[in-house]
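Asker: Sequence:
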Amino acid sequence: MSKYAQAADALKRQAVKYEALMAAAKDLEALGSLDQAATEAENKRNLMQVEIDGLDKQIAELTLHASEMTVQAANDAAAIIGDATTAAEATVRAAEESASNILKKAQDDGSKLMAQAASEKAKLSSELGGLQKAIEGAKEELARLFADKASAEKELGEKQAKFDKLQAKLRELMA
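Residue numbers (this note's numbering): 43 to 217.
Hints were generated in silico from the structure; no laboratory data involved.
Do not rely on the hints blindly, as some may be mistaken.
[To be verified] Quick list of in silico lysine-lysine cross-link-like pairs, DSS-like style, CA-CA up to 30 Å:
no. : residue 1 : residue 2
1   : 191       : 165
2   : 175       : 165
3   : 147       : 163
4   : 68        : 86
5   : 201       : 211
6   : 196       : 207
7   : 146       : 163
8   : 147       : 165
9   : 154       : 165
10  : 211       : 196
11  : 181       : 196
12  : 191       : 175
13  : 163       : 181
14  : 204       : 191
15  : 175       : 163
16  : 86        : 99
17  : 45        : 68
18  : 54        : 68
19  : 181       : 191
20  : 165       : 146
21  : 165       : 181
22  : 201       : 191
Using the sequences plus the hints, can you model the full thing?
Answerer: What follows is the structure, given as structure tokens:
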């Protein structure tokens, strides 16, 4: 082989080595970019983890605040229920007292009315007794008057008969 062919072979080998070196350089360059990308990704991951930890802390604080507000609301509701219960009990006591007073007044009024009714009944019974005596007296007077009427009718009948006799005699004498 000639020198030129050998030199060409050597150059071809050098070119293949150069291509291999260029490919290796590209790979190293890519590897460096990947390494840098991995480092940046790791840094981003760390930064995101810090943000996540911060958010976890905020969530925990908000949860604690919400729990505290729930407890406060429950305490406020319990106080309102207590106040409402106290007011309801006072209203019930007032209603019971009012009802008791109304019942007592009604009983007192009923007792007074019963006493008045009893007094009226006694008065009416007394008046009724007087009226019954007056009716009995009137009945006796009516019976006496009927008897007097019968006696007067009898006497009138006798006098009418005498008058008729006297009138008949008077006609005879005048005739």
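Asker: Taking 30 Å as the top limit, are the C-alpha atoms of residue 204 and residue 191 close enough?
Answerer: 19 Å, holds
Asker: CA of residue 181 to CA of residue 191, is that 30 Å or under?
Answerer: Within the cut-off at roughly 15 Å; holds.
Asker: Below or equal to 30 Å on CA atoms is what counts here, so check residue 68 against residue 86.
Answerer: Cα-Cα ~26 Å, so holds.
Asker: Check the hint pairing residue 196 with residue 207 against an upper bound of 30 Å on the C-alpha distance.
Answerer: The given pair, whose Cα atoms are some 16 Å apart, holds under the 30 Å limit.
Asker: Would you mind confirming whether the straight-line C-alpha gap from residue 147 to residue 163 stays at or under 30 Å?
Answerer: 23 Å, holds
Asker: For a C-alpha distance cap of 30 Å, please report whether residue 201 and residue 211 respect it.
Answerer: 15 Å, holds
Asker: Hinted pair, alpha-carbon criterion (30 Å max): residue 211, residue 196. Please report holds or violated.
Answerer: 22 Å, holds
Asker: For the pair supplied as a hint, residue 54 and residue 68, is the alpha-carbon distance within the 30 Å limit?
Answerer: Holds, because 20 Å separates the two Cα atoms, which is no more than 30 Å.
Asker: Residue 86 and residue 99: Cα distance at most 30 Å?
Answerer: Holds, at about 20 Å.
Asker: Assess, step by step, whether the Cα of residue 191 is no farther than 30 Å from the Cα of residue 175, and give holds or violated.
Answerer: Holds, at about 24 Å.
Asker: Tell me if the straight-line CA distance from residue 154 to residue 165 falls inside 30 Å.
Answerer: The given pair, whose Cα atoms are some 16 Å apart, holds under the 30 Å limit.
Asker: Taken at face value, is the distance from the CA of residue 165 to the CA of residue 191 at most 30 Å?
Answerer: Roughly 38 Å between the alpha carbons, so the hint for residue 191 and residue 165 is violated.
Consistency note: the structure conflicts with the earlier hints numbered 1, 17.
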